[in-house]
Structure formats: C-alpha cells, structure tokens
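Student: Working from the sequences, and respecting the hints, build out all of it.
Chains as they are written, first to last, in the working numbering: chain A, 1 to 146; chain B, 1001 to 1644; chain C, 2001 to 2116; chain D, 3001 to 3325.
There could be a bad hint or two in this list.
To be verified - Below, computed lysine to any residue pairings styled on SDA-like, alpha-carbon distance capped at 25 Å:
| # | chain 1 | residue 1 | chain 2 | residue 2 |
| --- | --- | --- | --- | --- |
| 1 | D | K3304 | B | F1306 |
| 2 | A | K140 | D | G3048 |
| 3 | A | K124 | A | D40 |
| 4 | B | K1387 | B | D1377 |
| 5 | A | K3 | D | L3017 |
What the hints assert, rightly or not - Pair by pair, the computed Cβ-Cβ distance ranges are:
| # | chain 1 | residue 1 | chain 2 | residue 2 | range |
| --- | --- | --- | --- | --- | --- |
| 6 | B | H1609 | C | I2031 | 36 to 42 Å |
| 7 | D | K3304 | C | V2083 | 55 to 61 Å |
| 8 | C | V2083 | B | I1014 | 20 to 26 Å |
| 9 | D | G3171 | C | I2031 | 53 to 59 Å |
| 10 | B | T1221 | C | F2004 | 23 to 29 Å |
Just so you know, these hints were derived from the structure itself, not from any lab. No experiment lies behind these values; they were computed from the predicted model shown. Just so you know, even glycine gets a beta-carbon here, dropped at the ideal spot from N, CA and C.
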Amino acid sequence: MFKKLIAESTAKSPWLFHINSGSCNGCDIELVAVLTPRYDVERLGFKLAGSPRQADIVVVTGPVTRQSLDRVLSAISQVPEPRCIVTMGSCPQSGNVFKGSYSVCAPLSKYVHVDVDIAGCAPKPEAIMDGLVKATEILKQKRGQK
Amino acid sequence: MNLANMTDYHHFPIYSVMVLFLGAFIIAACGSKPSKDPKNPAGFRAWIALCATALSLFFLGSLVKPVMLEGEIISYWMGSRAIAGGYAIGIAMEVDALSLFFALLIATAVFVSAIYSIRYMVHDECVPQYYVLYCMLAGGVLGLVLSGDIFNMFIMVEILTFAAVALTSFRTKVYGALEAAFKYLVVGCMGSTAILTGVIMLYAQYHTLNLAQLANLIPGTMNNATKLAFAFLYIGFSTKAFIVPFHPLAADAHGAAPASISVLISGVLTKSGIYGIIRLTYFLFQTMNLGSMQFMLVFIGSISMFVCVTMALAQHDFKRLLAYHSISQIGYVLAAVGLSTSLGISAGLYHAMNHTLFKGLLFLAAGAVLHETGTTDLGKLGGLSKKMPHTTVLFLIGAFSISGVPPFNGFASKWMIYQATYQKAVESNNIGFLLVTVIALVTSTLTLASFVKVSQSVFFGQMPKEYENVKEVPFGMRLAMGILACLCIVTGLFPKTVTGVLTEPAARAVANVGEYITAMGFKSNLPAPNVTFAQVGVWEPINWLLILCIALLALTIVAVAGKYDRVSERTEDDTVDTKYQLFYGGEKNVYSQVGGGDLFWGFKHNWRHYFDFMHNLHSGIVNDYALWAVVALALAIVYMMIVL
Amino acid sequence: MIQFNYVCAFFLIVLGFYTIVTKYNLVKTVIGMSIMDYGVNLLIISIGYTPGGTAPIFTKGELTQASYFVDPIPQALTLTSIVIGACVTAMSMSLVMRLHESYGTLDTREIRRLRG
Amino acid sequence: MTANIFLNGLQYLGYILIFPGFLFCFLCGMLLVGIDRKLVARMQKRVGPPILQPFYDFFKLCGKETIVPAAAERTTFLVAPIVGLAALVVIQLFIPIHGFTAFSGMADIIVILYLLLIPALAAILGAAASGSPYAGIGLSREMVTIIACELPLVLVLLAVAKTVGNALGTGLCFSMSEIAEYQLQNGSLITKLSMIPAAIAFAMVIPGETGSHPFDTAEAETEICEGMHAEYSGAPLAVFKLSHAVKVLTLTSLFVALFFGGIGTGIIAFDGVIVFALCVVATALFISFVHAVTARLKIEQVFKYYWTVVSGLALVSLVLAWYGM
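Tutor: So this is what it looks like as structure tokens:
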C-alpha cells in the first residue's frame, strides 16, 4: 500500500531544480513564466527547489560551456534517486548557434542520461509544461521499478 | 585527643580546609623534579592533590545531614577560645546551611577539576607548582566561605587572589596571559584593599571581628563610618564576583588561564564574591529589607546579565566567550538574591549551583578542544564532532544547560528566577521588577544564540585540513566532564529534591539571621521568620521526559519500520564521487566554514552603535579598569550615604 | 592628634588610587598599589592607638584593673597586612619583568592585546 | 486496580498517539499547510496546488533516497529531525483544547515558550551537522529570527499571565489549564481591552516563528539554497516538512487557546473541530494573507520589525494589563 502511495505521490509532487549552464536567459525567463498566474504550474504540484538535494527533476538550460560542465555534472550527481533530467531549449541538446565553439560542450547527453528534451529557442510555456508532465511520468515509472 | 573525638563532625569544617593547605605544603615540600611518566608530569603530587580535594569533599559531604537536613549550625572556636566578657576573642568558624551550600559547590568543582588536571596539564612545565597553587586556591575559597571571622575572610581573599593571579599567568607563553594576570592583580588588589579598609573600619566601631557578633551589633547603630565601611566591603566583594563593572578582568583571566583553572575562577571565585555579598547585605548589615538595597542588587544583576551576554556575542575566542557568559549568569544570581524574597534567594542559590556545574563543564570542554587542537579561536576551528564525539555531546549538555533549554538544570533555576522576579513585581506592585523578568528571558535566548555560534563554529560545520589527526581526549578528562554532565542532568530533572535538600535550607538560613547569631553564643532578639517557597508556575520535567520518550519511541518504531536509516553514504575508498560532496552552487572542492564572530550579523547590525561603543569601552588598558573600580567605589559610597 | 593620622591614611589610599588610574607606567602602577597598602596600614595602626597607652606586653602579675595599653589586635592585623603587601609587590614586580620581556615596553597603553 | 491503571495508561497513550498527539498533529498540520498554499495561490489569482499537496510532498520525500554528505556528522544529521518532531508533538499536548486539559497541568506558558526552542534547536543542530555553509548562514538567520520573536512573545505571555492573575485575584497566573478554565467561565480573553494589542502582537509573531513569508530569511531558497535544509534529502527532509506543519498548528492553536478560548461545547470531538476551524482562520489571516501581500525582508529588517513594532504593541498590552484594564 505504502509503495503505491509513494509512487502516486511522486507523480504529484515533482520539485524542480534549475541549472543554467551558460544560457542566454531566454529559457530561464520562460521557466519562470510557467510559474506565473497565467500558467501556474504549481497546480500540478511543481515547485522550484533551492538545492539539488531536494529536487526530483533537474532542468538544464544553456549550451553547457566548458567552464560549467563539471559543475553541472556535480550538481546533477547530488540529486537523490529517483531523478529525471530535462534539457530545455535547443542549446543543451545541440549547441544551437554556439555549436562548434571551442568553449561549448553540448550536447549534454554525451555526459549524462537525459530523460526529456524540450526543444525550442526558447520553448513556449505550453511546451515546457508538456515536457515537465512527461518527466513526471518517467519519474513515476522509475519509482515503480524500484 | 582520642579517635572518637577526632571523628566528631564538628571538626570537619576545619579538616576540609586544612587538608587542602596541608596538601599544598606536602606537594611543595616534595620538590619540583618532574616525574618520568609523560602522561602525568607531576607524578604522585597530582595524586596528593586529588586525594586532598577528595577528602575535603568527603568531609563537607558528611555535613549535609546535620547542617542541611537537621538545621544545625556548627560553631567552632579555634583552640577552644570562645567568648570572654561578651566579646569574641578567638578565631571562629561558623558553618550554617549557606556556608555549607557554597562549600559543597566549591569542593565539587575543585575535585572534578583536579581529576581533569592530571591528564590536561601534560604539555606544561612546572606542573608540581601548579598543584601547590591549585590547593592554595581551593583552600582559600573554602576557608572564605566557612570562616566566621571577617578578618579571616580578608586573609582568605588575599590567598585566593594571589593563587588565582599566579595560575592565570601560569602558561606564560599563552597570548596575553601575563597581561591578564597583571590587570587582575591590580584591580584585585584594589578590591582587597577595599575589603581590608572596610574590615578595619568596622573594627574601629565595634571592636570585634566575629561575623555573628557584628551582625548582632551593627543593625540599628549605623553611622556614616559604618556606611562607608559597607560601601568598601561591597565593592571589595564585587571585584571577587566580577560583576559589572569588573567583568573585563574575568574575561581576560579566564581566557588566559588553563581550562582547569578557568573552572575554578568562574565556578568558585565568583561564588566566593556572591557569598560575601550575601553575608554582607543579609547578615552583617541586614539592609535587604530596604527597597533601595534591593534595587541596587537587582539593577547591577540585570546590567551584568545583559551587558555580558552582548559582550559574549561579540567574542571570537571560545574561552573569552565563556568568561563573559560566566558573569552574565552571575548577574542572574545577583538579581535573584537581591529580590529579598525566600523564593528569590532559593532560585539564586540554585542558579549559582547550576552555574558551577554547567560552566565547569563548558570550560572543561573548551580545555579539551585546546588540548587537542592547540587553539580556541572560533575562526580557526570547525567540524570537531567527527573526531571528538564524546566531547561534543558533553559540550552540548553544558550548552543546553546554560541556555536554559528544558529539561536541563539551567532551565529549572532560571524558571524559578523568572517566577521570583515576576512575583516580586506583583507583590511590590513595581513594574521595574517585571523588566528584570523580561531582561532575564531575553538574555537566556541570547545565551542560546551564542552557544549555537560555538557549536556551529567549533564542533559542527566543516573541518579544516589541519585537524585530520585530532583524537578524542583521554579518559580522565572525559570522566571529569561526564561527572559534571550527569550532575547537570540530575539537578535539572529533580528540581524539587535539589531545592528541598540544598537551596531551601540555605535560603532559610539567610532569612533566619537570629539563629546565626545565637548559634555563636550571642543574644539576639531577631524573630525566626516564617519562610515559604510557593511557586506559581508548573513544570514537571519527569512527566515531560516520559511523554517525550514515548513520543520518541513511537517515532523510532515508525522510522525503523520505514527504514529511515537506509541512507546513501560515501564508502571508505571512494573519495571522488561528487554525489557526497556538499552543494556549493556547483563549485567543486571548496572549503568554507561559517563561523567566528559575525554569525549573528542580523542582530549585531541593528545594535552596531552599541557594540562599537562597548568595544571601545573595553579598551584593555589597566588604567581604565582601575578607573572603573574607583568610580564604582565612589558611586557606592555616595549611594550608601544617601539611602542607608 | 590621631585624626591627622586618619586624614593621612585616607590621603595615602586616594593617592594610591590616583597613581594607579593616571600613571601609564607599569612600575608606577605597582608603586601606587604599595602606597595604597601603606595607607591602609597606617589606618589600622591608628585605630588601635589609645592616647597614653603602653605596649600590650605584660606578665600575669602586672595586670590590674588600671592597666592601660593600646589595642593589640590591629597591630597583629597590620603585621599580616604588611606581609601580604610585600607579597603583592613582589608578585607584581615579577609580572612587570615578564611583561617587559615579552612586550618590550612598560607603557600600559601598549599592553592591551586583550580587549573588546 | 491494576486494570484501572492499565486503562488509564492506555487512555494517555491514546492521547499521545492519536488525539492531540501524533495523528491529529500530522493530519491537521498538513491540512493547514495545504490550505495555506491554496489560499496564497487564490490570492495571487492562481489555481494553486490541491489541498492535499503537503501529503503528496511528504510521501514522495519518504520514498526518495537519503544522501548523507561526506562532510556531515551522520548521527546528529539523522537524529535531529526526529527529536525536533517529537518535542513539537509534546508541546501540542500541553496546549489545552477548550475543556481538554489532560496534560496542561504539567507545563505552563513560560515553559511552553522554552519548549518551543527545542524543535528550533534540533533543526539548527541538524543544519550545523550537515557542514554546508548555506546551512551555516541559514541557522544564523534562524537564530536571529528566534531572538527577534522572543521579546514580543515574552511580553505577550507576561501580559496574559497578569491579566488572568488579576481576574483570579492571585496576582499572576502562568498555568495553561487555569487560563483555559478562566476563559471557559468568563469568555474569551480577547474581549479585554489590554489583550487586543497582545493578540495582534502574537499574531504578528506567528509567521516569524513558523518561518513563513516575509520572515523566511532562514530558508530563502533563492539566495541561500533552502538555508538550513540545504543538504537534507529524502525522509529526514520529510520529517522537517512535517515539523514545520506541526509548528504552524502549534502556534495557531496556542493563539486560539490564549485569546479565543471558551467557545467550546464540552464534547472533545466538537471542540477539536471548532479549534481547528479557528486555527484555519488564524492561518488564513496571519500566514496566507501576509505571505500573499509581502515580499521577503532582510534579516536585520526582520529583527528591527519585531523589536520595535511588535514589541511596542506587546508592551502597550503589558502596561494596560498592569493597570488592570
């Protein structure tokens, strides 16, 4: 019974931790936009957590610059299991316009398993919410496997 | 003299003092050749000191039954020279419940500190001399509280000041030790001079030095010279109690002395000053029924508690911080005693006892940290709880006790003080006493804050690299701390028993001056007062603890069933996994310890003008401190002349 | 004129206080402490003085109702006090020496590592 | 005889585990927090999370991995939340629910003030044991907030003691059960003139003590990464969240017991409901509303606010109570 309860709760209370790996702030602003009254992602139980230790979903924005790579990876490793990694915007997926630069390490999936990619530059709030909901489903699956 | 005569308990007070002086003499006579044992450089001399203190404690402990429980007052004339022609000629010891109460506190602290010293004083030179001075100090304080003769009180004050100054500067290499000793000597000497002047002026008036006879003669015959003597004596004992404005000396002396001596300075020396003030105001001059005298003591007590706790918040050194707290707690004692209600006196004495226990514990913990790491600077330490788990637990017990966290002993006594002040405010319909309650309550929280600062910056937080090899302190030191910690918990859990056996008889003795006079063989017509210790509040620590244990048990069952302790931890060989590193906003391998003096910035920012002012005021120049003493003396004289 | 003694005694005590408070030299501070001490000693001995009294030394035969001698107790007290005063001076001078070694100065305004 | 004792023991065990104890605290505290979050969302024109959201959060955290950082002191880190929760539940037992005063005779208002320090202290020590510098900053701010709240709380409680004491003729009254008894017979304390500023001051203290907006500097998630809880994850964090919920309940029900007692029916179940309803109102007014309309203060502003405005109000109340109004 408790296992089921916990699995159900996991899907209903995903907390986000947001890492900016050299983003232009476009995606960051859009992420904040989904918290505003118009979209209000909190009604689905989402909440921005201040520390990776408390997060379930890690949202990475930006093209993963060489300076930030180690830091991104260490912060992701500090998130307790089960966790779900979401890349947001085109940058962490392909490098976007920065691709080929000596200082950019994108895509992030080279270094760590990414569960959900939200494409767009920057993605629409609706897309972000859709991606996050998908992430919660993956989270629930991971919870169930344990 | 046969054995039965010698084991008569009437001789025990003098035995308990003499055994310490004798110990000092034997240790000094044994020379100063250090022993070969590196763990105990003083060799058998340490054991002599320990035996002397243990015997002293034993003698005093066996007096509990007759004096505390049966209410006898032991009067003891040296060489059987009693009263002639209505005047006390011989030297007397008079042990009533008040004296015995303080003597027990002192003997306990001295004994525990002696256990601690054996392992603690291993890095020093001249350790045999340390034990000589140690026994002298202990004997001096015991002699002071057991004496029935005011000139002997002065002699003992000199002995203890002398020993304390020498022990303060014992570690001459320690930063500021000599300076602290010199300041203490100058102001302490002014205090002793004040006491001597007061004593001799009383003698000029009444031609006796016996406390009981003075108490019989002085009230009702006060003139200007007596008032002057009172002011001198009061200031003299104030310097021994280190109350405001003599608190900077305490801070300097505690910080520089070895921890085992800091225990004595804070737990024992300050008590001797408080004892002197009680004897002076309640017995000799019997002025405590005057509102103005109550006002003076309560006012100085409140000022002491608040000023010193704020000074403590600004400190960067572990022992200096403890030293200021010491005076802050003495402020509580003085304020409670100054209320002149039986509950107030009982509460004040209870707090005095608890202060000896928890402050001793805290100083010993500070000494343990110093012993292992070589520093007490709050800015340099951190994370020692992993290396010194027992010391951490013992320190926390002391810290909770002093900050008045239930169910430890500090709370039990502070709780009585709050009630006593509030009761006094209601009874006398004076809103000023209510302010004292508020100050006491707020001071208690500030105390907690500064101990949170210590635990964060010394025992918790991150550990600097250089302390990787720190070990737990030796068993002997932990034993000493353990004894005090157990006493802290026991006296906190059974407040009714403790007050019933120890503080209430003492408070009764304070109220019943007539008996003190008649026990010495003088005629007194002071009536025996009716003393009650009614409390308005309710606090049942045992029941609370029982409920808490049930609650904890229930939670533990749930936690075990839910596998609460199944955690992910770093394995021994795995040093690189970033998962177990602290989160630094993504930065790698950063050492950062939040500690030191500015932890409570939010508080200090609002009070910055006050803190700046205080910092400049405590200039560290001995002339300034001497000036404070002179001004205090002048104010005391003027005040006494006006109100008495 | 025993009152003059009292005035002198208090004058000495106050002079001692004055020296301690205003002089910035450690040795002068110690001198101040000694002066203070002498003042008290003078006070004690003056209190024991009775005009026309003899030394309080007598044998059993000499003691009559009319015997008139100075109070012996203050004299005993003075002795004790003088001894203590000497000890204090010795102790403080040794501290002054060590202070001079480690601080290189005798100025109290510079010996203030412990403050605040 | 033995059967009687056994039954009595069972009854008290029931008190501790079920009614004013654990189960009640767990359910009502969580509900209060859920209502709070919903209300704040509605005030900000959002839909907001479901009212049961705190339960979801709690169970989710129970299922998560617990990571103990290498720099942390393991035992303190894990034990601190449990002790804090237990201590809070015990405080809840001491607060009378109208006629229900089974435990209120064991501790009185000043003791409760001090018992409230234990959970805070547990959280602080747990944070210190985690070794994180964010937690260090967080605990410093938490401690300053405690100091800030202490002065007005002390003044309010002394004013209450004086008012009830005056009315009873004993001069002063610290006992929680006597205060409850007095209110049952003479109506709520809030009807007295001197108690109105006291009630306002106490209400202002509630958000500070529970660490909610705008006094949540200690857990500021955007500046110092959740402060004291920066390194906590999984079940210990769940216990901390539960403790926070219970603390909201404790403070609001203390507020109700002190100023709005005496509207009870005499039946425990009904009284429980009434008290809970009053707690909800108090939460809505003093936590949700304040949260919705203010932005986070700086820590020195928190301190200044409590030691000037709130303490001033409390002092007014104390002076009024002193002169028998």
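Student: Now, for every hint given, state plainly whether the structure supports it.
Tutor: Results for each hint:
Pair hint K3304/D plus F1306/B holds up; C-alpha atoms about 18 Å apart against a cutoff of 25 Å. The suggested pairing of K140/A with G3048/D holds, with an alpha-carbon distance near 22 Å, which does not exceed 25 Å. Straight-line distance between C-alpha atoms of K124/A and D40/A comes to about 14 Å, which keeps the hinted pair within the 25 Å bound. Restraint check for K1387/B and D1377/B: satisfied, since their Cα atoms lie roughly 18 Å apart, inside the 25 Å limit.
Note on K3/A and L3017/D: the hinted pairing holds, with a Cα-Cα distance of about 24 Å set against a maximum of 25 Å. In this structure, H1609/B and I2031/C meet the distance hint of 36 to 42 Å, their C-beta atoms being roughly 39 Å apart. At about 58 Å, the CB distance of K3304/D to V2083/C agrees with the hint of 55 to 61 Å. For V2083/C and I1014/B, the Cβ-Cβ distance of about 22 Å falls inside the hinted range of 20 to 26 Å, so the restraint holds.
In this structure the supplied range 53 to 59 Å holds for G3171/D paired with I2031/C, their Cβ-Cβ distance being about 58 Å. Taken as a hint, the range 23 to 29 Å holds for the pair T1221/B and F2004/C, whose Cβ atoms sit roughly 26 Å apart.
Of the hints listed earlier, there is not a single one the structure fails to meet.
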